[in-house]
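Construct all of the structure, not just a fragment, from the sequences and the given hints.
If you read the protein sequences in the order shown, they are chains A and B. Residue numbers for the first sequence follow numbering that gives the first Met the number 0, so the first one is 0 and each next one is one higher. Residue numbers for the second sequence follow numbering that gives the first Met the number 0, so the first one is 0 and each next one is one higher.
Just so you know, these hints were derived from the structure itself, not from any lab.
Calculated cross-link-like contacts (lysine-lysine; reagent style DSS-like; alpha-carbon spacing at most 27 Å): (1) A:Lys42 with A:Lys4; (2) B:Lys297 with A:Lys42; (3) A:Lys7 with A:Lys42; (4) A:Lys4 with B:Lys290; (5) A:Lys42 with B:Lys270; (6) B:Lys270 with A:Lys7; (7) B:Lys153 with B:Lys230; (8) B:Lys270 with B:Lys230; (9) A:Lys42 with B:Lys290; (10) B:Lys230 with A:Lys7; (11) B:Lys153 with A:Lys7; (12) B:Lys270 with B:Lys153; (13) B:Lys230 with A:Lys4; (14) B:Lys270 with A:Lys4.
Quick look at which bits of chain B chain A covers, simulated, 3 or more residues with Cβ under 8 Å: (15) 157 to 169; (16) 270 to 278.
Glycine is no exception: its CB is placed at the ideal position from the N, C-alpha and C atoms.
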Amino acid sequence: MEITKLEKAVRQAARADSARTILTDSESQGDPHLPSEFDTAAKTMAKRRAKKVAVGSILNTTTAQWL
Amino acid sequence: MIDILRSEICKTLEAHFAEPTQRETMLRALSREGFALHPEGRCTTGLFTLEVYRAIRSMLDATAFRAAVATELYMEAAFMFDHVADQELDQSGGLSAAEELILAVSLMACGAAAACEAAQQASSDGQRLHALLQLHRGCISSCSGQLLDAQVQKLGLATTEEALRITRLKSGSTGRSAAALAANIATDDPETIRLFEEFGFNLFTYLQLIDDLRDACPESSAVTDLGQLKKTLPLVYFYNSLAERTRETDSGIIPSHEGKPVSQEVRQGFKASGAEVFSAIIAETFLNRAKSNLAALKNRTRTVEGLEQFISSLEFSPNEIFAVP
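Printed below as a string of structure tokens:
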């Protein structure tokens, strides 16, 4: 399980601190650089949320693409 | 079902703890908040064991409950170890570290006795002893996770990979051994047993990751894992974020001293670090693996409805940590 890739992606997004991001939904394209299992996990988690929900000032749009 | 399980636990303690002081102290210890005999105790491991058995046999019998008592007592022993490791000794119960540890060892022995009884009831041919072997292998793996955890607590920074490995060993192994015991006494089919073991491993890893996420820095509680500087996955991620920031800017937020309330500044830093998102995605990955295992088991068992309901009852809602605007 390559969690360091996920860790790096989330950390970069958090450091950018550039956007209050809205999770779209599972229609997003995903991030090809991350293991697909994480991509799927982010999507199934998004599906269980009540439509669009703010993550807070955590993620920038890059990360939101695969969320 | 949980009431019957609790009753069986009490009967087991009555049967195996002949010394009244040991028995009564144990009953009091298990009645504390967070333990099996407390009215709000969840008995997750024992109930999970029952559901695995029922999925294969379509019914619950005395053997199933013996197996459930065995796995739940092992889990309760691990909780007692955690109490000592976390130095959260129950003042009202007045247990010293030495008392807590010996109770934990006693519970493990009692769990082993209940497991032997389950295997004896299931078969007279000795083949079911493999179930016990798998149970104990899982317990040894789980103990190795506890040991690693204790060692990591003494060190400075850890990696997220180390934190996840500890979680997998401590909690995943517990789920694997609970499933192994139930499946081995309920069926001879190796693939069904293997799938249930994987299912238990993935589900319990998920549950622990979610617990760690909830306990990291809850708004509603003054006692937090962060305040105690624990090395759970979300917190290891956070500490390393702080370390990285400190290296690059010579600044950073320093967590409060161990045992003291976490300041609002540190709480905000934790939220902004992405630790919750990171941990939630990894937890969800294990949930998906567990669901995939369960899907594969549908054609190999009579019913998995109970296990599906079991998952639903424990499933984490992302809305718990990500605020709705």
